[in-house]
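Asks: Given these sequences and hints, build the entire structure.
Just so you know, the protein sequences line up as chains A and B, in that order. Residue numbers for the first sequence, in my numbering: 1 to 347. Residue numbers for the second sequence, in my numbering: 1001 to 1347.
Source of the hints: derived by calculation from the structure; they are not laboratory data. Note that CB positions come from ideal geometry on N, CA and C, so glycine has one too. Misleading hints may appear alongside valid ones.
Unchecked claim - Non-contacting residues of chain B with respect to chain A, defined by C-beta distances greater than 12 Å in every case (computed): (1) Leu-1052; (2) Ala-1108; (3) Lys-1157; (4) Arg-1344.
As the list claims (entries may be wrong) - Not the full set, but computed from the structure, chain A residues with beta-carbon under 8 Å of chain B: (5) Asp-129; (6) Tyr-133; (7) Lys-136; (8) Ala-137; (9) Gly-143; (10) Gly-175; (11) Glu-186; (12) Phe-187; (13) Arg-188; (14) Asn-190; (15) Trp-194.
Unchecked claim - No farther apart than 16 Å at their CA atoms in a straight line, the calculated lysine to aspartate or glutamate pairs in the EDC-like style are these: (16) B/Lys-1111 to B/Glu-1212; (17) B/Lys-1193 to A/Asp-86; (18) B/Lys-1144 to A/Asp-129; (19) A/Lys-141 to B/Asp-1129; (20) A/Lys-193 to B/Asp-1087; (21) B/Lys-1193 to B/Asp-1223; (22) B/Lys-1141 to A/Asp-129; (23) A/Lys-139 to B/Asp-1142; (24) A/Lys-193 to B/Asp-1086; (25) A/Lys-111 to A/Glu-212; (26) B/Lys-1204 to A/Asp-87; (27) A/Lys-193 to B/Asp-1083; (28) A/Lys-197 to B/Asp-1083; (29) B/Lys-1073 to B/Glu-1321; (30) B/Lys-1197 to A/Asp-87; (31) B/Lys-1197 to A/Asp-86; (32) B/Lys-1180 to A/Glu-184; (33) A/Lys-197 to A/Asp-226; (34) B/Lys-1180 to B/Asp-1223; (35) A/Lys-144 to B/Asp-1142; (36) B/Lys-1197 to A/Asp-83; (37) B/Lys-1139 to A/Asp-142; (38) B/Lys-1144 to A/Asp-142; (39) B/Lys-1141 to A/Asp-142; (40) A/Lys-139 to B/Asp-1129.
Protein chains: 2
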Amino acid sequence: MFKPDRLERPFVFYEDGRAKVLSLAVKKGDESYSVFLPIKEKKYPAPNKRQLAWQEAELGVVFHYDLHVFDNKKYGQGNNRIDPVDDYQIFNPKRLNTDQWIKAAKDAGAKFAILTATHETGFALFQSDVNPYCMKALKYKDGKGDIVRDFVNSCRKYGLKPGIYLGIRWNSFYGVHDFKVNGEGEFRENRQKWYNKMVEGMVKEICTNYGELFEIWFDGGADHPDNGAPDVLPIVRQYQPNCLFYHNKQLAEVRWGGSESGTVGYPCWATFPNFYSHAGDTQKERMILLKHGDPNGKYWMPAMADAPLRGFNGRHEWFWEPDDEEHIFPLENLMEMYYKSVGRNAT
Amino acid sequence: MFKPDRLERPFVFYEDGRAKVLSLAVKKGDESYSVFLPIKEKKYPAPNKRQLAWQEAELGVVFHYDLHVFDNKKYGQGNNRIDPVDDYQIFNPKRLNTDQWIKAAKDAGAKFAILTATHETGFALFQSDVNPYCMKALKYKDGKGDIVRDFVNSCRKYGLKPGIYLGIRWNSFYGVHDFKVNGEGEFRENRQKWYNKMVEGMVKEICTNYGELFEIWFDGGADHPDNGAPDVLPIVRQYQPNCLFYHNKQLAEVRWGGSESGTVGYPCWATFPNFYSHAGDTQKERMILLKHGDPNGKYWMPAMADAPLRGFNGRHEWFWEPDDEEHIFPLENLMEMYYKSVGRNAT
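Replies: Now the structure itself:
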């Protein structure tokens, strides 16, 4: 029996402007077979099982956690993207309790939770065998810590579905800016290849070492492999068939709702004119489409209404920082968000 | 009592072209004192205790060991410098025995031995808390391996003096080429600062975690901190006062003998016209000075005659590779080298 270890080169053939056939290279080692699958066009777009589960979940909580939470400073995203964290050994939580995280999320009514397994420092909050810049490098727990494992275990314990956020667009440690390894010539190309393979390796680790995942969230999208970006979609599809994929330029199973305000527009259609979440010719058109969707859109792509908990009273921050309690949204604002997100067909 | 934790900004004042005073900033935390030391010019240069020990040792063995020893391919230095090793988990020796290394060196008559703790891949063969790309990242020995520790222990066991080679000029993992982090703008500068600090941290680890060292060898030199390179000399001086420093643009306690042939010129003076090992206006002049020294040189800087064991019969290779036995120098060639190196006042 031929058990493929990867799927490559998905390609859609068009006839008269309609998708007719999907071709795929099914591979194992050096063996390769081409498979052609007819595409039956549906009259109306409908959610798949992953999208349905996500929409029915209504409320999820994203936990932002990275090295700089420990630097005792106000977080500055722009600088964080281009300045490696001085000393990664600052990562040394004394009373970390992911049960407390997840219990709080459950008490708030969340059905799923997501953890930033990597954010923009590039540091991986788990045990990786492909990325040395991970918890293995820490003195903390003698290099044996695994926050992704703790987080997933806590989710299972409290009955929330675990999802993982992977930031691969920015990486101050490896010198990656907007997907591109900084540098010149052949050296840059070699390091880009290495980086892409490392990212693909991390995606496989996340998809295979922690059981079933509800959602995988590539922040800022994961670009398109044809643009020289890591080829992550086939890995997620192969190892996590029930995991919602958000998102790259090949596929977005949900779309960003056009703001970080916790709200979407009204009305807010779950349909969208493009198979990935960029559409519209101008920035203004794009934002309107993200917020409202398109009733005639051929693709099911419901809207996500995200907001940082620390977005009140003159701050908009995804990470904890010292003395930021005054910026936590009061309950009435959160309720308002709920009405203008879940109440409007978003999650 | 004030116990400084570092010495910075060494500066020599000249009068009538002669060094008169050395100033140093003696620091602890934010405290800083300036110290001025009169320089008594000797009539003739003489070896210091480190140089004397090194010259009396006569014979040392340098062990080259890095990730690519495990890739089963012929080693190509140029490519290795600009292409990160695909999968660092290939590092997985089954029968590594540093006792056997050191016993063989002792049997050959060596009095000291040196290990490439880092070479051009950037991978560190020890337990580092400042460089994640080290043995902590490996599956090998569950991330607890430390070849530097094994090597030093074997040296102590057999009575050889241990030295450490640190390659910091090239680093394909971090994207460093000829000391410079590849890239542009502020991002590059930030990563350069991070890299320099990381290197200084590794030097401190090497100098403080493994007992007394005989020699520290920065291959290709360690450049000058004023050129934006890591500032390594004060660290070695502070933590390893008896360790021979080879070399950067501030100091070379020995000099390269001008070839990798295991021989030096005849005659070969231990004196040299410059305090670091570059002198002469043309490449030809420079090579002659390295091979022969200068009887009128003001600085004691004996010559090192290095050669790869695999330099016979059409190959010149510092690392083991598959099927390279035919390139190992026969005994008579090694004896010839001995006569033309130790016999000519080199080590």
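Asks: With reference to the structure, classify each hint as holding or not holding.
Replies: Going through the hints against the structure:
1. Leu-1052: 39 Å, holds
2. Ala-1108: 36 Å, holds
3. Lys-1157: 27 Å, holds
4. Arg-1344: 40 Å, holds
5. Asp-129: 6 Å, holds
6. Tyr-133: 5 Å, holds
7. Lys-136: 5 Å, holds
8. Ala-137: 4 Å, holds
9. Gly-143: Nearest chain B Cβ about 6 Å off; hint holds.
10. Gly-175: Result: holds, 5 Å to nearest chain B Cβ.
11. Glu-186: 6 Å, holds
12. Phe-187: Since chain B brings a Cβ to about 4 Å from A/Phe-187, closer than 8 Å, the hint holds.
13. Arg-188: Result: holds, 7 Å to nearest chain B Cβ.
14. Asn-190: Since the shortest Cβ distance to chain B is 4 Å, the answer is holds.
15. Trp-194: 4 Å, holds
16. B/Lys-1111 to B/Glu-1212: Status holds; Cα separation ~15 Å.
17. B/Lys-1193 to A/Asp-86: 9 Å, holds
18. B/Lys-1144 to A/Asp-129: 14 Å, holds
19. A/Lys-141 to B/Asp-1129: 13 Å, holds
20. A/Lys-193 to B/Asp-1087: 12 Å, holds
21. B/Lys-1193 to B/Asp-1223: 15 Å, holds
22. B/Lys-1141 to A/Asp-129: 13 Å, holds
23. A/Lys-139 to B/Asp-1142: 15 Å, holds
24. A/Lys-193 to B/Asp-1086: Status holds; Cα separation ~9 Å.
25. A/Lys-111 to A/Glu-212: The given pair, whose Cα atoms are some 15 Å apart, holds under the 16 Å limit.
26. B/Lys-1204 to A/Asp-87: With a Cα-Cα distance of about 15 Å, the restraint between B/Lys-1204 and A/Asp-87 holds, given a limit of 16 Å.
27. A/Lys-193 to B/Asp-1083: Measuring from Cα to Cα gives roughly 9 Å; hence the hint holds.
28. A/Lys-197 to B/Asp-1083: Judged against 16 Å, a Cα distance of about 13 Å means the pair holds.
29. B/Lys-1073 to B/Glu-1321: With a Cα-Cα distance of about 7 Å, the restraint between B/Lys-1073 and B/Glu-1321 holds, given a limit of 16 Å.
30. B/Lys-1197 to A/Asp-87: Since the Cα atoms of B/Lys-1197 and A/Asp-87 sit roughly 9 Å apart, the hinted pair holds (cutoff 16 Å).
31. B/Lys-1197 to A/Asp-86: Holds. B/Lys-1197 to A/Asp-86 sits at ~8 Å (cutoff 16 Å).
32. B/Lys-1180 to A/Glu-184: Cα-Cα ~12 Å, so holds.
33. A/Lys-197 to A/Asp-226: Holds. A/Lys-197 to A/Asp-226 sits at ~14 Å (cutoff 16 Å).
34. B/Lys-1180 to B/Asp-1223: OK: B/Lys-1180 and B/Asp-1223 at ~11 Å, within 16 Å.
35. A/Lys-144 to B/Asp-1142: 10 Å, holds
36. B/Lys-1197 to A/Asp-83: OK: B/Lys-1197 and A/Asp-83 at ~13 Å, within 16 Å.
37. B/Lys-1139 to A/Asp-142: Roughly 15 Å separates the two Cα atoms, so the pair holds.
38. B/Lys-1144 to A/Asp-142: Answer holds: B/Lys-1144 to A/Asp-142 is near 10 Å, not above 16 Å.
39. B/Lys-1141 to A/Asp-142: Cα-Cα ~14 Å, so holds.
40. A/Lys-139 to B/Asp-1129: 7 Å, holds
The structure shown violates none of the earlier numbered hints.
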